[in-house]
Amino acid sequence: MFWREFAENKILQWALGAQVLNYFYAFSVWVWTNNHTTEAVANKQYVCPPHFQSCDAFYIFNSLESGYSYTTLYMVLFGLLFWCAYLFSQKKWKTILLVLIPVFLWHAATTLFLVQRIMGNFDYYIVAFGIVLLFLPHKEFFLKLVLVTFYTISTVAKIHPAWIEGSYFSMLRTGLPLFPEWSIPFWTNLVIFMEMVGAWFLFSKNKILQRSVLIFFVAFHFYSGILVAYRYPSIVLPMLFIVFGPWYRHTPIPLDRKSLAGWVFILFLFVGQMTPKFVSGDDKLTLEATKYGLSMFESNHQCVSEYTIHFENGVVDRRGEVNIMANERCRPYRYWFLLRQHCGPENGVEKISWTFDHSINGDPFLRIVDEENICDLKYNVFEHNPWIKTHEDLPEVIGFPVRNRYH
Amino acid sequence: MEYSPTESKNGLYDIYYSETGERFVVLEGLSIEDAPVEYPIQVFMQTHYETISFMYWILYGAALTFLVTKFLAVPLYQKWKQHKNGDVQHV
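Residue numbers (this note's numbering), protein chains in the order written: chain A, 1 to 407; chain B, 408 to 498.
Bound-form chain B, shown alone:
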């Protein structure tokens, strides 16, 4: 794709326009030759981003709920029950 330079700002950045009219801000030290490129798998992930991120939040919550339940809540409950039964027997 061809890019047309238009303006330059005080050594901070240059402005280019693509053939399709997109305006690019090229900061000092970077090059218009490095315009972004998108690959099919990335486009797929972009298209389904909301679903994927929701699934990750579900996974995060589910993993933590499982771990807390199995390794903390249940053992603590069993310990409390043993302690309580121990008190009853003692009485």
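So here's chain A without its partners, still in its complex pose:
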């Protein structure tokens, strides 16, 4: 665990404290959700990640609806975090790392395997920081590199009309905060450039250059909080300030055998980000293979989901729902997963027909799903699912959207 690196390193000590804060904040949100409890299964309201579609087998806790085990678990986690806070005062770094292991495991398991809905893309930052701080050597260097890598790889999702044309924000009826609408493409392309290229100058030995880039990203995160509120800025800003701020020092690039694990992890981040590019179709429209990298503000979404449940007794139940919030990704997988739970003779259901109309960034609503019976469908994780239409399939054009709201 290379805990000795913390002994005389103020930067790492503060970074570890920031990570404890990250876990506390994440759990304070999750404790009130029921998404991975037995009740979610009973109420048919759970969604597993595409790569682990039987995650409900691990839902063993009861929410307050019918028990106390879920909140008890979170109080145990709270106790571990509280104990960490005490251990900081004692400078017992090895013990802190050991205490954080179960915290890390629960957070990472939830983020990566147990749920689709309550975690956000920003939880990937917490997982990555946890891997570096708890397990990798050369922690200070790799913490810096993870931060800069996240900026860079996030631009892969931004090479798209949402950011190049600025249509994500021009399709919000409130536009871009603080800036006139005509200037949107200027600001969005500035962000792409700074994240792709400028971020690497956070490592610069030139103090003026390094500070200028730091100020840009600090300002960017404060600005982004106008839309995203506290959660994401509170994860990134403290770590950014701790490793690249007033205490910043040049960290030699580690090339010894010990550093191999860190370099493999960085490579993994780059490869994960490219995953959607290996699946045919516009991943912003189909949302296929998009959970393995960063995709914040990747597209402005609106969608209409209409389904008809045909019961074996002849009853037909027609329902629909719409999404008008730009930040709610219209994932066909999620809607399919939720609907699928109603299938089968045990529910008295003969079949469920479903249409799904999706508009991104002001483009027309396209009927990307039009299925007679979704109960027969399967979802493949890393290949295109033929029941989700791409632009090449020439889906039916339903009509143009109007401007929506972010949240």
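Note that these hints are calculated values from the structure, not bench results.
Model, not experiment: these values are computed from the prediction.
Backbone N, C-alpha and C fix where the C-beta goes; we use that ideal spot for every residue, glycine too.
It cannot be assumed that every hint is accurate.
[Said to hold, decoys possible] The list that follows gives simulated cross-link-like pairs (lysine-lysine, DSSO-like), each with its CA atoms no further than 27 Å apart:
#, chain 1, residue 1, chain 2, residue 2
1, B, LYS486, A, LYS258
2, A, LYS91, A, LYS10
3, B, LYS491, A, LYS258
4, A, LYS351, A, LYS44
5, B, LYS486, A, LYS205
6, A, LYS258, A, LYS92
7, A, LYS207, B, LYS477
8, B, LYS488, A, LYS258
9, B, LYS477, A, LYS205
10, A, LYS10, A, LYS92
11, B, LYS491, B, LYS477
12, B, LYS416, A, LYS351
13, A, LYS258, B, LYS477
[As the list claims (entries may be wrong)] Derived, one-sided and incomplete: chain B residues facing chain A with beta-carbon distance under 8 Å:
#, residue
14, ASN417
15, LEU419
16, GLU435
17, PRO443
18, TYR446
19, GLN449
Take the given structure of chain A and dock chain B to it, following the hints.
Leaving out everything else, chain B in the frame of chain A:
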């Protein structure tokens, strides 16, 4: 521009047509008054989107190639060479 309402679907959305015949789907909670507006710079970026996105991919690849070469590949090669020369001298 004027818009004419036509149909309404179960409280999910309303359909409008513009004077130019474009069909708008206004979801519940949104308004036809918020029809999109395009500005000149946005139109420019749309027109040149393919070129711009290609240039970004080139920039992404070039930046990463430069960084990997300068800060990883070259130092690793020099380290390997030193190690090899060190072995030769030792012999």
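Hint by hint, here is what the structure shows:
{"no.": "1", "hint": "B/LYS486 to A/LYS258", "in the structure": "15 Å, holds"}
{"no.": "2", "hint": "A/LYS91 to A/LYS10", "in the structure": "11 Å, holds"}
{"no.": "3", "hint": "B/LYS491 to A/LYS258", "in the structure": "20 Å, holds"}
{"no.": "4", "hint": "A/LYS351 to A/LYS44", "in the structure": "17 Å, holds"}
{"no.": "5", "hint": "B/LYS486 to A/LYS205", "in the structure": "23 Å, holds"}
{"no.": "6", "hint": "A/LYS258 to A/LYS92", "in the structure": "24 Å, holds"}
{"no.": "7", "hint": "A/LYS207 to B/LYS477", "in the structure": "21 Å, holds"}
{"no.": "8", "hint": "B/LYS488 to A/LYS258", "in the structure": "20 Å, holds"}
{"no.": "9", "hint": "B/LYS477 to A/LYS205", "in the structure": "15 Å, holds"}
{"no.": "10", "hint": "A/LYS10 to A/LYS92", "in the structure": "14 Å, holds"}
{"no.": "11", "hint": "B/LYS491 to B/LYS477", "in the structure": "21 Å, holds"}
{"no.": "12", "hint": "B/LYS416 to A/LYS351", "in the structure": "23 Å, holds"}
{"no.": "13", "hint": "A/LYS258 to B/LYS477", "in the structure": "21 Å, holds"}
{"no.": "14", "hint": "ASN417", "in the structure": "6 Å, holds"}
{"no.": "15", "hint": "LEU419", "in the structure": "5 Å, holds"}
{"no.": "16", "hint": "GLU435", "in the structure": "6 Å, holds"}
{"no.": "17", "hint": "PRO443", "in the structure": "5 Å, holds"}
{"no.": "18", "hint": "TYR446", "in the structure": "4 Å, holds"}
{"no.": "19", "hint": "GLN449", "in the structure": "6 Å, holds"}
Comparing the model with each numbered hint stated earlier shows that all of them hold.
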